[in-house]
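If you read the protein sequences in the order shown, they are chains A and B. Using the working numbering, read the first sequence as starting at -14 and increasing by one per residue. Using the working numbering, read the second sequence as starting at 3 and increasing by one per residue.
Take the hints with a grain of salt, since some may be wrong.
[To be verified] With a straight-line cut-off of 25 Å between C-alpha atoms, the simulated SDA-like cross-links for lysine to any residue are:
1) B:LYS46 with A:GLY304
2) B:LYS46 with A:LEU431
3) A:LYS44 with B:MET25
4) B:LYS46 with A:ASP313
5) B:LYS46 with A:LEU47
Rather than coming from a laboratory, the hints here were simulated on the basis of the structure. Please read these numbers as outputs of a predicted model, since none were measured by experiment.
Listed below, chain by chain, are the residues.
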Amino acid sequence: MAITKLLVANRGEIAVRIIRAARELGLKTVQVHSAADTESFAVKMADEAVLIGPPMASKSYLNIANILKAAADTGADAVHPGYGFLAENADFADAVQAAGLCWIGPAGDAIRVMGDKVAARVAAEAAGVPVVPGSEGRIDDPDRARAVARAIGFPVMIKAAAGGGGRGIRIAHDMDEFDRLIPQASAEAKSAFGDGGLYLEKVIERARHIEVQILGDGTRAIHLFERECSLQRRRQKVWEEAPSASLPQAMREKLCASAVALAEAVGYRGAGTLEYLYDDASGQFYFIEMNTRIQVEHPVTEMITGVDLVREQIRVCAGEPLRYAQGDIRLTGHAIEVRICAEDPARNFQPGPGTITGLTVPGGGGVRFDTMLYPGYTVPPFYDSLLGKLIVWDTTRAEAITRMGRALQELQVGGLPTTKPLHQLLARDAEVQAGDFHTRWLEPWLERNAHRLEETQG
Amino acid sequence: MTKQILSPLPGTFYRRPSPDQQMFKNVGDAVAVGDVIGLIEVMKSFNEVQADQAGTITAFVADDEEPVMAGQPLAELG
């Protein structure tokens, strides 16, 4: 391999995951860290560690100058950004390459195109990948708006062109309502955003979140099947599976082929994920966005394909051609991952950092626990609450759920609250067992089951 | 003895609601019980720090954007 020393520009469980992959590839590792992470497992594991700033992420894990200096000082020749922090920062990707280092990710320009929702939508359409039906850009003429709404089909989402973060959205269920809402929406957009421009998008009411894992070497790309991550709270994934329980085989082939077409069309290099909404009712899928990084839930894909995604990501980004042809990738069995977070599900998921007083890691066949915890470690309050990911594999989905219940029972994390009780209840839930859920299923479920979450505590 | 407002949680202390807004309170400001004097960010969740006694702020012992421990003094009241 063309590289010898990898700098890990991240923290937590993903830093540990990256160091393991690097070590298996014969690479030396440099772990950069904030003052709050001096005692972290990744710092202890790595060959070298460099302090890059105070606890606040903007002054350490997001400090590009300090990270590049650490690379220069240690002689690292590659940088892995993990997920979050600078992983999808195109300027960081460019800066790493300008410093003569190997960037374990796609080129800065690929991040720019696929990270911009409008540009990604255009690239997807050009590659023949379906997107959520909507108006092409903004609509100012009411007659044209009506024609577009009729073509899309109701219900239709009316969005302010200048809005964002869920603000300025109205839903019309028929043409009468549409006619009533359009002037209101335009007036509100004008006063709230200084621009009355609107655009329209189809409402996908019972959508599943399905995403396709791809690997590309800049020329050729392959897919590693899909994951389903429909169980979400506040748009954060809670429970992830591979493959999706809901996708017919013909649809799986179509979806995965579309992801490969899009990845090859943009000359994608590295590991990436194309996210789709899948509408059970109509059997339609729609591209929503691409994540140009390794994702939190990548292990479920590793469990059903046997491919080490982080290792392969490092290889292709270091300039090697993909070692796999599409036909080499076989889907075997079913895998589930649950996120174990330092949050108390009985108290509205209040985060609770603290010191790990005891730790029992589940074992046995088909069980994997990716974590940065060790007994005596103090989880700092400054970063996200993810403590670890419990992943199980079994030959069928039903057996995987049973195995997840067994593994959760073995898992003991002492010293702080965790989301383990939530996952224990989910694993026993009839609708979860039937795979009968969508992206808006979990939140009302949490309200209905609040009392049960309190009872299972402790 | 000086009256103090203590941090209820470990995390990052913020004296403003967002970077482009004014400080919640400045030295010399009067505070009533329940007034918000800052925020503590714990694992990406933001929690208000409310005064548990009334008085006038004589000093901030913790700086804006500074890491703090639970129970650490944030401000002193006169």
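What are the numbers of the hints the structure violates, in ascending order? 1, 4
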